[in-house]
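Produce the complete structure using the sequences and hints provided.
Protein chains in written order, with this note's numbering: chain A, 1 to 325; chain B, 326 to 650.
Worth flagging that the hints you see were computed from the coordinates, not collected in a lab.
Just to be clear, a hint being listed does not mean it is correct.
[Unchecked claim] Pairwise CB distance ranges (calculated):
(1) A/K216 to B/D462: 53 to 59 Å
(2) B/E578 to A/N166: 39 to 45 Å
(3) B/L520 to A/V56: 53 to 59 Å
(4) B/T451 to A/G275: 32 to 38 Å
(5) A/T273 to B/T598: 28 to 34 Å
(6) A/T59 to B/S400: 49 to 55 Å
(7) A/V49 to B/G450: 46 to 52 Å
(8) A/V49 to B/S400: 42 to 48 Å
(9) B/E392 to A/S151: 55 to 61 Å
(10) B/V374 to A/V44: 16 to 22 Å
(11) A/S129 to B/N544: 58 to 64 Å
(12) B/L520 to A/T273: 50 to 56 Å
(13) A/P274 to B/G450: 54 to 60 Å
Cβ coordinates follow ideal geometry from the N, Cα and C atoms, glycine included.
2 protein chains.
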Amino acid sequence: DIDHIIITTGGSEAILFGFMSCLDGGDEVIIPEPFYANYNGFAVAAGVVVKPITSVIETSFALPPFEDFERAITSKTKAIVICNPNNPTGYLYSRQEMEVLKSIIIKHNLYLFADEAYREFCYEGTHFSAMQLQGVDDHVILMDTISKRYSACGGRIGALVTKNKNVLQTVLKFAQARLSPPSYAQILGEAAVDLPANYFEKTKAEYKLRRDTIVKRLNDIPGVFCPNPGGAFYAIAKLPIDDADIFCQWLLEDFSYNNRTIMLAPATGFYGTPGQGKNEVRLAYVLNAASINFAMDCLEKALEQYPGTTLYNAPNSTSVLEKTS
Amino acid sequence: DIDHIIITTGGSEAILFGFMSCLDGGDEVIIPEPFYANYNGFAVAAGVVVKPITSVIETSFALPPFEDFERAITSKTKAIVICNPNNPTGYLYSRQEMEVLKSIIIKHNLYLFADEAYREFCYEGTHFSAMQLQGVDDHVILMDTISKRYSACGGRIGALVTKNKNVLQTVLKFAQARLSPPSYAQILGEAAVDLPANYFEKTKAEYKLRRDTIVKRLNDIPGVFCPNPGGAFYAIAKLPIDDADIFCQWLLEDFSYNNRTIMLAPATGFYGTPGQGKNEVRLAYVLNAASINFAMDCLEKALEQYPGTTLYNAPNSTSVLEKTS
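Encoded structure:
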């Protein structure tokens, strides 16, 4: 229903307005980590404290168990934030996991902020939106954007969607104070909605090819593990390295293969818990399959040369020693 | 210098980022009233308390005297906010007034937020920018926008300008968290800078004509007083009415003249002090002179018919009694 939507300046502003409208200074929000790092910035702007709970690569970054949420909830907890499909993990929450979240937000009377910017990019099963949860209309705040859906991130057109009228009224006050989202991109957004129905089918098929390519190539590299992401266009891989921040910097400054290198995001920046993600990196598969293949060649060579490798002490180190000798 | 500028999503975001970067929750900012009402919204978002000090129509809304600032300053005061030329009063601060502000911000170690969105629209004398004040580089935060300058308010391209490097670094963090200002309008803004030099001369000449028209017409109406605004495209007029909010609503709902009416902004919304501005309205002279003349015909008739007139008790009521009898 159009009455439940407020257009925002990008999905970013939808997140910020959601936080500022629903939360007071000092309130806590629980976010499964690794999470989109900019949630930290919006939390700071809103005076809100982020409490991370850890999802792990071994379960493909599935929703942490009910008990982990229970342990993290305090009297100051006011909301849970999820991103589905997830940036940075690519994990697509199942309907069952969404129902678990529903039981938690009902039990503890919390808001559920659902960032569904990547909802059109699902490769396994279908997307189950937080808005489809029954009986929690006043709890659910959805954030969306044209940035990913239509590859229009410079447009800065997003939306906050909720059936909670009080929240909408408060969001509207913040919206009125900052005047309007950009007018040209509003026109662009309207036009984008009229794209032919097969636009997403073609886009999804292309991204699925890229995902299949990058995940297979990653798992073929000795010591590397990458779960198969169900959506979005990101993957997190575990690498045989000592420190992802140092490795990513080394790639840019000290490594080249055929005069090129690759840029990866160290996963550490996506965790709220210090020390987490030190041997993980996030990859964005926004290049075509040929470029991804070249990038994976690069990564393979880089891991053979990187001084901080941990592979020689790892169970499968023999294969690499053979390769490099 | 380009290193001192951060592009923002409209002047609105420049104000918000300025507040969030320089001020903590509970800090106080002093703003001469009447002031741009949206400062209230940005102050709420930043957790900042607005302390108004009153400028009066009798002095054309000149800067309140030094002593009024001194009285309003507490240990929590961290900044003064001015809009120059002013929305809603149209007042253009003189160099002398800017130097008074300089002495206050030095004495009390305050930031000076200078919203100069209307700096190209000056009809009397020249604009003296806060950035021209000597020796207060670390105090001055300038906010600007293409919205007024190039009549491009839907573009949402503004700027925060300061020589204070720490402030710039902090603003950049907020800027990075929300990604970017809208890309199409950035291109538009770049093109606008290349407009011919006489663009502003022509624009200013047109606005000066409108200002001269509206101010003369207003002061010709019995019981009405409007100081001559030196800049921007607003004027505040004192009307012979009981309540500006009721009058403005009555104009829209219960009055018409040749099947038209006028929409005015009650000045009450621009004051932070309750009860101020009850017989004042803000007029935006963004119509051409012919339309302004018709609007003034409307206002003249409306003031003759308005049930809440105070004119019959006013010193110059005789003239009106003659007119209406």
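Kindly indicate which numbered hints from before are broken by the structure, ordering the numbers from low to high. Violated hints: 2, 4, 5, 8; rest satisfied.
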